[in-house]
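Q: So you can see what is in the structure, the chains are spelled out below.
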Amino acid sequence: MSTPDPTLSAAGVRTITFAQAVNEALAEEMRRDPRVFILGEDVAEAGTPFKVLSGLVEEFGPERVRDTPISEAGFTGLAVGAAMTGMRPVVDLMFGDFLTLVMDQLVNQAAKTHYMSGGKLKVPMVLRTTLGATRRSAAQHSQSLHAWVSHIPGLKVALPATPLDAKGLMKAAIRDDNPVVIVEDKLSFQDKGPVPEGDVLIPLGQADIKREGSDITFVATSSMVVVALQAAEQLEAHGLSAEVIDPRTLSPLDSATLIESAKKTGRVVVVDEGHQSYGASAELAAVIADGAFYYLDAPVRRLGAMDVPVPFSPVLEDLTVPTPKQLTALAREMCVPA
Amino acid sequence: MSTPDPTLSAAGVRTITFAQAVNEALAEEMRRDPRVFILGEDVAEAGTPFKVLSGLVEEFGPERVRDTPISEAGFTGLAVGAAMTGMRPVVDLMFGDFLTLVMDQLVNQAAKTHYMSGGKLKVPMVLRTTLGATRRSAAQHSQSLHAWVSHIPGLKVALPATPLDAKGLMKAAIRDDNPVVIVEDKLSFQDKGPVPEGDVLIPLGQADIKREGSDITFVATSSMVVVALQAAEQLEAHGLSAEVIDPRTLSPLDSATLIESAKKTGRVVVVDEGHQSYGASAELAAVIADGAFYYLDAPVRRLGAMDVPVPFSPVLEDLTVPTPKQLTALAREMCVPA
Amino acid sequence: MTGRSAASKSTPRSARGKATGAGLAADADPPRHLQTYRQMMRIRVFEEHANELYLTAKMPGLTHMYAGEEAVAVGVCDALNRDDYITSTHRGHGHCIAKGARLDLMFAELLGKAAGYNRGKGGSMHIADQENGNLGANAIVGGSAGIATGAALSTRMRGTEQVVVCFFGEGALGQGLLYEVMNMAQLWKLPVIYVCENNLYNEYTHFEEVTAGDLLGRPRAFGIHTAEVDGQDVTSVSATAHELVERARKGEGPSFLLAHTYRYYGHHVGDIQRDYYRSKDEESHWKSERDPLTIYGAWLQDRGIATAEQLQQVEAEVRDEAQRAVEYGLEAPYPDEGEVTLHVYA
Amino acid sequence: MTGRSAASKSTPRSARGKATGAGLAADADPPRHLQTYRQMMRIRVFEEHANELYLTAKMPGLTHMYAGEEAVAVGVCDALNRDDYITSTHRGHGHCIAKGARLDLMFAELLGKAAGYNRGKGGSMHIADQENGNLGANAIVGGSAGIATGAALSTRMRGTEQVVVCFFGEGALGQGLLYEVMNMAQLWKLPVIYVCENNLYNEYTHFEEVTAGDLLGRPRAFGIHTAEVDGQDVTSVSATAHELVERARKGEGPSFLLAHTYRYYGHHVGDIQRDYYRSKDEESHWKSERDPLTIYGAWLQDRGIATAEQLQQVEAEVRDEAQRAVEYGLEAPYPDEGEVTLHVYA
Ligand SMILES: Cc1ncc(C[n+]2csc(CCOP(=O)(O)OP(=O)(O)O)c2C)c(N)n1
Ligand SMILES: Cc1ncc(C[n+]2csc(CCOP(=O)(O)OP(=O)(O)O)c2C)c(N)n1
Ligand SMILES: [Mg+2]
Ligand SMILES: [Mg+2]
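For the protein sequence lines, the chains are L, Y, W and U, in the order given.
Heads up: the first sequence is residues 0 to 337, going by numbering that gives the first Met the number 0.
Heads up: the second sequence is residues 0 to 337, going by numbering that gives the first Met the number 0.
Heads up: the third sequence is residues 0 to 345, going by numbering that gives the first Met the number 0.
Heads up: the fourth sequence is residues 0 to 345, going by numbering that gives the first Met the number 0.
Read the hints as simulated data drawn from the structure, not as lab findings.
Please note that a few of the clues may not be correct.
Said to hold, decoys possible - Covered stretches of chain W, as calculated for chain U (at least 3 residues, CB under 8 Å):
| hint | segment |
| --- | --- |
| 1 | 167 to 181 |
| 2 | 212 to 225 |
Unchecked claim - Partner residues aside, some chain W positions facing chain L, computed with beta carbon under 8 Å:
| hint | residue |
| --- | --- |
| 3 | LYS120 |
| 4 | GLY121 |
| 5 | GLN129 |
| 6 | LEU134 |
| 7 | GLY135 |
| 8 | ILE139 |
| 9 | GLY142 |
| 10 | GLY145 |
| 11 | LEU341 |
| 12 | HIS342 |
| 13 | VAL343 |
| 14 | TYR344 |
| 15 | ALA345 |
Just so it is clear, CB atoms sit at the ideal spot from N, CA and C, and this is done for glycine as well.
The whole structure should be built from the sequences, with the hints applied where relevant.
A: So this is what it looks like as structure tokens:
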């Protein structure tokens, strides 16, 4: 799939925000399937602190848009049990940093139930949460911990980067029979983009070529897609053509699309907002460096968040997240004939 | 550092088990420093289910070898608070799978306190836990989740593979002013090796060349070190010389030693018992593929645990963990001139 | 699954669909009582075999035995319909059998065979029997408290009359998760019954050394209805369970049942040298004075509901069933290697 | 740290080393009372400035204000020595000030400046003041309960007489961690006082909608001593806090203090439109009838301990101090870029 997507010029396509796209996906799925319900902190009247769920409780009522106590492990556990017995819960985990509190329910319970039961039980649930720094929220409200869940067989992991992907991945996740973690960049909720009305389903496991190019490939996730696109534009002025690929789901991973692009351009930078060390960027880089080994003109490079807790002070925080400028500089350095 | 270590031929070197080495390290440090204490489930009279701590409560009493309720998050939190206020706790987390329960205390609290406080507070604690499958313990008691903690700045992570390393890394960890996670292979507790009496300190961040070789490098962690050594022996019969490098600590990572070996041999396999995808092996492979790019004769390959929850049935479980046979086959394939 | 259909010959016991309205003691119906006695005996004999399989190195890994605690699982499940749910623990064989499972498929699971309840992939600590509403054993202490409470939420949202029983040991009172979910269960009046099996020990530590205050104070703090029973007396357990299940079905909300009991074997099969944490005297006191099968057998005979011969007959039948079930398990084939990558995703 | 020494001129208040033996009400000593009033006023005015800094876009991020709850932090800290510990929350400015912090270094922290308590690296949600025993605010609800309890264990193991206060909002009762650590605190008789600030709301949800049963039943379940106070009345808070601290120091173990209070602003500075979850009437009732500064001011005047003029004088001094502190914070330099990689490891 490559942008511009033909479906986006069809009738019924509106320009809406990322938050609206998520909201719409949930509303459509809840209308379609009475088993779908939402639970989490301040999801009902408040519509979450980010207001992503505004209006849903009015349409679906407080049973299906259910405010919980501040009990992340508890309500994630409830979702697992509800999913095992015929419901399709969507857990709202306010900040990705709170994954720390739900790992047992997610990893030891949700992810393993289908396998451990020899295929008898299944856990069709979605857990949506956030990633992303530079919101001045300091070290416990700014982490991008998607590498953890991507490491766990039995979980699927989606990282939408545009309103369209946000809608399409959410709908696919809700219809999936497995536990799916959707990580949204909390700084992109107000970003706008074209989204069709009604069913948009983006298969889990399909990367998206967000921009075609020939000299270098940027494999970028979530918040870093826009960084890569900006860098790609800046590089044009330097006569360099960058391709931007968004895996969209880390698990399953569409490694074929990544490797193919790497073979074409011969140069790759992986950009991801998780800490660089032992982050998702390591897996993507390792897969590409292995799969495209004989085609690479330079080592696969990575740009991740700095390996430091996210500092509060804006002057420090801004240093920790990869920028278009850094990426442009790195790409130019890599494209200089050796 | 390279084996055989000269210190191991010195007087006072005994052949003891991995469990005894850990026990001795703790006992020596507790004698040396009254601030050191242990807390966890069944650590006192029972000496843990693996009997690693046997005898310590008799010497140090139940205050310093403290049985806790089955409250992993709680007692890890207590350790953080105790460490911040002048003690040096060693948390005993019975199974590595229970990391799921303590991630908030470890990652959001212990790891970040020093940084968030601008360097004023520190958290000198050790958390020891396990990894490793093939014990017929099924999916919730067999995981190797060290990649998670390695991803977190502020934590150090050590994976001893021999009794000597077990002693030396534990002692170094206890004296370190940071939170250190030590992950021990639960199947190696009865393995024997030479260990000197008294102070053995292995600096955190120093890889060990467990075997020298020239044709291929195996970077192996924890339980996989012995797998790599066995493969290396098998390869000798095929005229291939394998070097085995054990990073010993994943964070800090001695990447220089890894890259140097890769440059020398031109071929690398990373072997680690975590799930392969998004595992520690990805970081090691990415670091080497980048750092030794121009010296590599083949792509850096990885052997991790299969990306499946660990099955109970022995016939299935044994398929999930890398074996010397697999590694030998892979190495031979890689060493065939292209 | 050919293994399954072959297996179906070996244990004729089919789970009762509906629970009888009241507790055992209110009922003089001999078949029901003999069936209850049989269920307790099946657990007892199952565990004897499990221990033996370990000692003779035929069973992979370790397993935690329920012998001594039979009256709790059987008494509680006496109040449940087949489509009611339970969640179970690492010490789960008793719950599984009491909820209606077949011994042969259980042994097959403990032995890692494809015919097992989980196709050999779960083993003792994860045995699940969905058809009889057993959502699975759990190797994380307290780990199923969320699942049970969520299943209860699900029954309400789906508009069924199902109830859920969450079994756990007193050690699980150490896990914060339990408090989080009890709060929600009470807030939303969910039909879940928390059954705390206090067998005195968290592994090798007496519960009093690691448990402050009053056990029942914990559910009460959330306004949850509580009850306490002699867990060695199946008629008491059953009577109370019927009350609590009735409450839950009527929408009156969750409850918490504290059952006092004792495990006969070690924490797991390998825990043989136990002197350092509990005395031989204590063990033999429970076995000789407080044995649930003896107590119930005597109760039945006292009331003329069953004769000693009838009970012996039940035991003989159970021993026979169990023997055949073990053999079935031992002979059953292992899963194909290809199964290792099956069921990671649905 | 030149920033620090420059700053030291601006706030003369040096923390009292030792708490006086008894609660405020038992004491007619005007300086102590005026100092208490000053502390409450410092919190109130600090928050006015914090709000203003947000509204004028001078402060990065969001912050949670303590105004309305001053009597709790100040009353509790009245019972603490300087070397006693506290742990604090996302709504932590009040705790920090009450435990002895300087306003200028606090503003510097809120503004991300190198002179701040945490060198700008923590911000409002992580402000810590080790020299005065404040082990830090925490952005994880309930996240400091383990730390506080562990600090209490540490005081015992080190053989000191220090006690620890763990502040948290009633929302933290939803976190399982709290139950896990209360159990250990009681088991080991640790000198920790859990202070639950019930300001009625968990963010945008009334606590009754998400909290079943009885708040004090929770600590009581573990056998923990409990007390309840009007959190708007600093003399009551102080009296009770002295009792609880005394118990803890004497080795009589943990306690739990439930303080009823109210926050005046939104959940955070950005929570301005609040009608959907609480009424303007409710807000103005608390502000006009239950204001802790007004209540204490009246109490002081009724007893002739202070005059209206004296109180106004205190307020004027505090406003002046705060104004200078804000300016100090605004003018202070940001940390050097090189600091970003400092302090990851000790
Ligand atoms: C979260 C967690 N912590 C520790 C363990 C190790 N463990 C297994 S059983 C057990 C004791 C459980 O005691 P209790 O809940 O009373 O159940 P019992 O074994 O007595 O039936 C422990 C500590 C575990 N499985 N899960
Ligand atoms: C574990 C966790 N869950 C959720 C949040 C988001 N959050 C921040 S403050 C808050 C409400 C806290 O309410 P309470 O404990 O009563 O404190 P108050 O804000 O009223 O002082 C929530 C849900 C968080 N910071 N941490
Ligand atoms: Mg027990
Ligand atoms: Mg509150």
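Q: A separate judgement is required for each hint: does it hold in the structure or not?
A: Checked hints:
1. Note: the segment 167 to 181 of chain W has 9 residues with beta-carbon separation from chain U under 8 Å; the three-residue rule is met and the coverage holds.
2. Counting residues of the segment 212 to 225 of chain W whose beta carbon lies closer than 8 Å to any beta carbon of chain U gives 9, which reaches the threshold of three, so the coverage claim holds.
3. Proximity of LYS120(W) to chain L holds as hinted, the smallest CB-CB distance being about 5 Å (cut-off 8 Å).
4. At its closest, the beta carbon of GLY121(W) sits 4 Å from a beta carbon of chain L; the interface hint therefore holds under the 8 Å criterion.
5. With a cut of 8 Å, the hint placing GLN129(W) at the interface with chain L holds, because the nearest CB-to-CB distance is about 5 Å.
6. Proximity of LEU134(W) to chain L holds as hinted, the smallest CB-CB distance being about 6 Å (cut-off 8 Å).
7. The beta carbon of GLY135(W) is positioned within 8 Å of a beta carbon in chain L (closest approach about 6 Å), and the interface hint is therefore held.
8. Because the smallest distance between the Cβ of ILE139(W) and any Cβ of chain L comes to about 5 Å, under 8 Å, the interface hint for this residue holds.
9. At about 6 Å, the closest approach between the beta carbon of GLY142(W) and any beta carbon in chain L falls short of 8 Å, and the interface hint on this residue holds.
10. Against a cut-off of 8 Å between C-beta atoms, the interface hint on GLY145(W) holds, since the closest Cβ of chain L lies about 2 Å away.
11. Taken as an interface hint, LEU341(W) checks out: its beta carbon lies about 7 Å from the nearest beta carbon of chain L, inside 8 Å.
12. Interface restraint check for HIS342(W): the shortest CB-CB distance to chain L comes to about 4 Å, inside 8 Å, so the restraint holds.
13. Interface hint status for VAL343(W): upheld, as the beta-carbon distance to the closest one in chain L is roughly 5 Å, under 8 Å.
14. The criterion of a C-beta within 8 Å of any C-beta in chain L is met by TYR344(W), whose closest approach is roughly 5 Å, and the hint holds.
15. Hint status for ALA345(W): holds, given a least beta-carbon distance of 4 Å to chain L, under 8 Å.
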